[in-house]
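Student: If you're matching them up, the sequences are chains A and B in order. Take 1 as the starting number for the first sequence in our numbering and just add one per residue. Take 1 as the starting number for the second sequence in our numbering and just add one per residue.
What the hints contain is simulated information worked out from the structure, not anything from laboratory work. Quantities reported herein were computed from a predicted structural model and do not represent experimental measurements. Virtual Cβ for every residue (Gly too), placed ideally from N, Cα, C. One thing to keep in mind: the hints can contain errors.
When the alpha-carbon atoms are kept at most 30 Å apart in a straight line, the in silico DSS-like pairs for lysine-lysine are as follows [as the list claims (entries may be wrong)]:
#, chain 1, residue 1, chain 2, residue 2
1, A, Lys-55, B, Lys-45
2, A, Lys-106, A, Lys-55
3, B, Lys-66, B, Lys-77
4, B, Lys-77, A, Lys-68
5, B, Lys-66, A, Lys-44
6, A, Lys-44, B, Lys-77
7, A, Lys-44, A, Lys-106
8, A, Lys-55, B, Lys-13
Pairwise CB distance ranges (calculated) [said to hold, decoys possible]:
#, chain 1, residue 1, chain 2, residue 2, range
9, B, Asp-105, A, Pro-61, 21 to 27 Å
10, B, Ser-15, A, Pro-7, 34 to 40 Å
11, B, Ser-67, A, Ser-2, 35 to 41 Å
12, B, Gly-27, A, Ser-96, 25 to 31 Å
13, B, Arg-68, A, Pro-42, 28 to 34 Å
14, B, Ser-7, A, Asn-33, 31 to 37 Å
15, A, Ser-2, B, Pro-9, 29 to 35 Å
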Amino acid sequence: QSALTQPRSVSGSPGQSVTISCTGTSSDVGNYNYVSWYQQHPGKAPKLMIYDVSKRPSGVPDRFSGSKSGNTASLTISGLQAEDEADYYCCSYAGSYTYVFGTGTKVTVL
Amino acid sequence: QLQLQESGPGLVKPSETLSLTCTVSGGSITNSNYYWGWIRQPPGKGLEWIGTIYYGGSTYYNPSLKSRVTISVDTSKNQFSLKLRSVTAADTAVYYCARQRHYYDSSGYYYDFDYWGQGTLVTVSS
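Start from the sequences, fold in the hints, and give me the full structure.
Tutor: What follows is the structure, given as structure tokens:
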């Protein structure tokens, strides 16, 4: 069970869009539509931002969106805002009640 | 509002056992829709799923940690616990407990961690 692969960092100016990829295998991302995304500010616990590949929990702004194609899931932040600067992690169900997280991506708002 | 709180020693000696407890408040640990998980994060690194328990006692572990991990539940106290044996410096991390959704219904598929504790730093050092 290897960690899902994410870019180490992405950046964008306020108002721009950024996309974070999350690449797994046919045993996890490619086999299940059970991908979730988490936002983590420094020193804080992760916060669920996207579940079921593309659904947003109540209270999460609609500028956050998710998608999946094959073994790769993606998180897009549209209309980037200063408060979106954080680390982001994807997570996938990997079968037999096991889960695997991504390597994490630091989003910087320029 | 559901809250989770980790508790336990912040310092553990190498080769000993790390023990943490997560206390759940604002909801019952016996709700049949939910599982309860442990996740850790070494300093400056990413998240790692450790394992999960259902209130009935079924457990599921990360294969890479399975030989050293035990997760248990105490429904009378609305708590679940983590034990990690034979720790080394590589086990130094912030340990989080979380509520894990693991079900589907007519509205969608819920396989994620929706509530998290604040985390507790455990350092392995002599």
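Student: Can you list which hints this structure breaks, lowest number first?
Tutor: 4, 8, 11
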